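If you're matching them up, the sequences are chains A and B in order.
Residues in the first sequence are numbered consecutively from -12, following the working numbering.
Residues in the second sequence are numbered consecutively from -12, following the working numbering.
Hints are computed from structural coordinates only; laboratory data are not their basis.
Just so it is clear, the structure is predicted and the values come from calculations on it, not from any experiment.
You may find that some hints are simply not true.
Which copy is meant is left open, so a pair is good if it fits within one copy or across any two.
Think about it this way: if two alpha-carbon atoms lie no more than 20 Å apart in a straight line, the pair counts; the simulated DMTMM-like pairs of lysine to aspartate or glutamate are [said to hold, decoys possible]:
id	residue 1	residue 2
1	LYS193	GLU254
2	LYS90	GLU111
3	LYS193	ASP133
4	LYS149	GLU254
5	LYS90	ASP242
6	LYS193	ASP250
7	LYS193	ASP249
8	LYS193	GLU255
9	LYS149	GLU255
10	LYS306	ASP(-5)
11	LYS287	ASP242
12	LYS193	GLU258
13	LYS309	GLU56
14	LYS26	GLU255
15	LYS287	GLU255
16	LYS5	GLU266
17	LYS115	GLU178
18	LYS149	ASP249
19	LYS300	GLU94
20	LYS26	GLU305
2 protein chains.
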Amino acid sequence: MRAVWFEDGIVKLIDQRKLPLHFEIFEASTPEDVAFAIKEMVVRGAPAIGITAAYGMAQGWLQRRNMDEVFEILKNTRPTAHDLFYALNFMREGISRGGDAVKLAEEYAESIIEKCRKIGENGEKLIKDGYRILTHCNAGALAVGDWGTATAPIRMAYRNGKKIFVWVDETRPRLQGARLTAWEMQQEGIEHAIIADNAAGYFMRKGGVDMVIVGADRIASNGDVANKIGTYEKAVVAHENGIPFYVAAPISTFDFSLSSGDDIPIEERSEDEVLFCRECRIAPHGSRARNPAFDVTPAKYITGIITEIGVFKPSEVEKLKKL
Amino acid sequence: MRAVWFEDGIVKLIDQRKLPLHFEIFEASTPEDVAFAIKEMVVRGAPAIGITAAYGMAQGWLQRRNMDEVFEILKNTRPTAHDLFYALNFMREGISRGGDAVKLAEEYAESIIEKCRKIGENGEKLIKDGYRILTHCNAGALAVGDWGTATAPIRMAYRNGKKIFVWVDETRPRLQGARLTAWEMQQEGIEHAIIADNAAGYFMRKGGVDMVIVGADRIASNGDVANKIGTYEKAVVAHENGIPFYVAAPISTFDFSLSSGDDIPIEERSEDEVLFCRECRIAPHGSRARNPAFDVTPAKYITGIITEIGVFKPSEVEKLKKL
């Protein structure tokens, strides 16, 4: 399954705002449409944002647009996920070397999806038969294609016949867990239960969680990880309860230019995402909200980072720069 | 403001399921109606549940019902909040001594509300000018009457002219923070912002939270506190960030018969509270959910417990038994 693909010059995306109750395809005919899809979260998840941006560049190239302008339009959509900038730079460099942008974008997409399969292989070894795994947000096929990042080891373990159970944090405010991860688990047939984000600690303390696996939006050189808001709380509580906490991400998510997670720009989105839940207003008229979309989990709470080239301690991230 | 009152033999309640967008009064004409109101959360919050049960007993007494039966009907509503059992025992003992049940219930309600005023006085001293206070769920006037428990020190500080700001955790799944606490803060004119529960840790780590004050549903002899699901996570993350974490509760919430919080029965409510957000279904059809309504915060994460007779360390709870 692909969250995004390129067909006859059109960038096509599963409209993730509509899932799980409606399955609709969003068609982006211009780089501006592609930028809208990223900004409004038709597509989300760091690797999928990267792939979408690569297709957006290919579309601009086919339409003989000014590529510096297309680059800027796509860049100024969301500030946190590193894959966006990684993909745009990959495309710009390839095009400047005279490459076919459509082929480059397809190559980028295939390579990320293949990397996620390897993340699955590397992470699967950490999962024992009978494990109950907690995940936050959606770092699944909808965030990448096929395997996902955090879900790659989970899918691989399931397909290898291990009996597993997944705790799905609903992940307010945008409910990517309840809407998207639960939908993916159901499609795959993996046993799962959705919980309010507030309940993760309860089940951890009760001994109901054997490990946590989450995705990442950007990883700094010191091993700090930016991911969906709430990840930090889960990591601290997992640490307090001696539960292994893993991050799964391809190298495209690593930003070696940043020495610390505190340097990662954190997007603050519209307060309406908090004041409303789907279409229902939940807060009194006149009340305001704050809505940071990501937080930074310091390296000390992270057991390991599962990548396409192996599982590393956060303290080993620095050395990956040289690879 | 009262969340519940007794008028012409009818127990009247602000229907807290409808707030903040609709203000409606729910009228309970029989103890069965009262039990329904407690169970379905027309009224919620430990002290208010206690007061409602006291009125339910008074109503049964006026209607010349079998009081053992009325006691059982009201008792078998919600299992966690200690005030429910405390109020029912207070009423049964008073009635068995030949007391007027209506007067007893009014006396109970007045005494709880007066205790909350004292909680406000005792807790207010902990709040410095300029403090940004985080609260979870609703332990406000709607959970007690007038002052509330966790909100009593906040209201008192505000009325004394201290400049304060309140972070309101929305508190999924029932959204008592976004719906009820925000509404109370707005009515009182206290500056506040609603946040997704996931964002509390973000603001704590950023240095944006000076203290946390929450209510309690039951406190064990060792100082462990059962409160709304998510409280445990907030306490662990506050502790990790060196932020004082206070619990505000009247002595009626203390259950000295339990030596540890692990003995407190935790209610698990309908999975629909997680699968739906207000009227909107958010999860795929076929996915299941788990919905524990409370969690237990171990004493070690709690800085102090603010009561009507003073502020105590959790380790001092045992000695309060002798008072």
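Here is what the structure says about each hint:
For the homomeric pair LYS193 and GLU254, the shortest alpha-carbon distance between copies (14 Å) is at most 20 Å, but the shortest distance inside one copy (34 Å) is not. Within a single copy, LYS90 and GLU111 get their C-alpha atoms no closer than 31 Å, and across copies no closer than 66 Å, so neither meets the 20 Å cut-off. Taking identical chains as interchangeable, the C-alpha atoms of LYS193 and ASP133 are never at most 20 Å apart, the minima being 33 Å within one chain and 36 Å between chains. Taking identical chains as interchangeable, the C-alpha atoms of LYS149 and GLU254 are never at most 20 Å apart, the minima being 38 Å within one chain and 32 Å between chains.
With identical chains, the CA atoms of LYS90 and ASP242 are never at most 20 Å apart, being 25 Å at best within one copy and 69 Å at best between copies. Taking the closest pair of Cα atoms, LYS193 and ASP250 come within 20 Å of each other only across two copies (13 Å); inside a single copy the shortest separation is 35 Å, beyond that limit. Taking the closest pair of Cα atoms, LYS193 and ASP249 come within 20 Å of each other only across two copies (10 Å); inside a single copy the shortest separation is 32 Å, beyond that limit. For the homomeric pair LYS193 and GLU255, the shortest alpha-carbon distance between copies (14 Å) is at most 20 Å, but the shortest distance inside one copy (33 Å) is not.
Taking CA atoms no more than 20 Å apart as the test, LYS149 paired with GLU255 passes in neither setting, with 39 Å inside one copy and 29 Å between copies. Taking CA atoms no more than 20 Å apart as the test, LYS306 paired with ASP(-5) passes in neither setting, with 42 Å inside one copy and 76 Å between copies. In this homomeric assembly, LYS287 and ASP242 come within 20 Å of each other (Cα to Cα) only inside a single copy, at 18 Å, whereas the closest approach across copies is 38 Å. Taking the shortest Cα distances, LYS193 and GLU258 sit within 20 Å of each other only across copies (19 Å), while inside one copy they are farther apart (34 Å).
For the homomeric pair LYS309 and GLU56, neither the shortest alpha-carbon distance inside one copy (32 Å) nor that between copies (75 Å) is at most 20 Å. Taking CA atoms no more than 20 Å apart as the test, LYS26 paired with GLU255 passes inside one copy only; the shortest distance there is 12 Å, against 38 Å between copies. Taking CA atoms no more than 20 Å apart as the test, LYS287 paired with GLU255 passes in neither setting, with 25 Å inside one copy and 33 Å between copies. With identical chains, the CA atoms of LYS5 and GLU266 are at most 20 Å apart both within one copy (12 Å) and between copies (16 Å).
In this assembly of identical chains, LYS115 and GLU178 lie within 20 Å of each other by CA distance solely inside one copy; the values are 15 Å within and 49 Å between copies. In this assembly of identical chains, the alpha carbons of LYS149 and ASP249 never lie at most 20 Å apart, being 38 Å within a copy and 32 Å across copies at closest. In this assembly of identical chains, LYS300 and GLU94 lie within 20 Å of each other by CA distance neither inside one copy nor across copies; the values are 29 Å within and 61 Å between. Taking the shortest alpha-carbon separations for LYS26 and GLU305, neither the intra-copy value of 31 Å nor the inter-copy value of 55 Å comes in at or below 20 Å.
Violated hints, in rising order: 2, 3, 4, 5, 9, 10, 13, 15, 18, 19, 20; the structure is consistent with all others.
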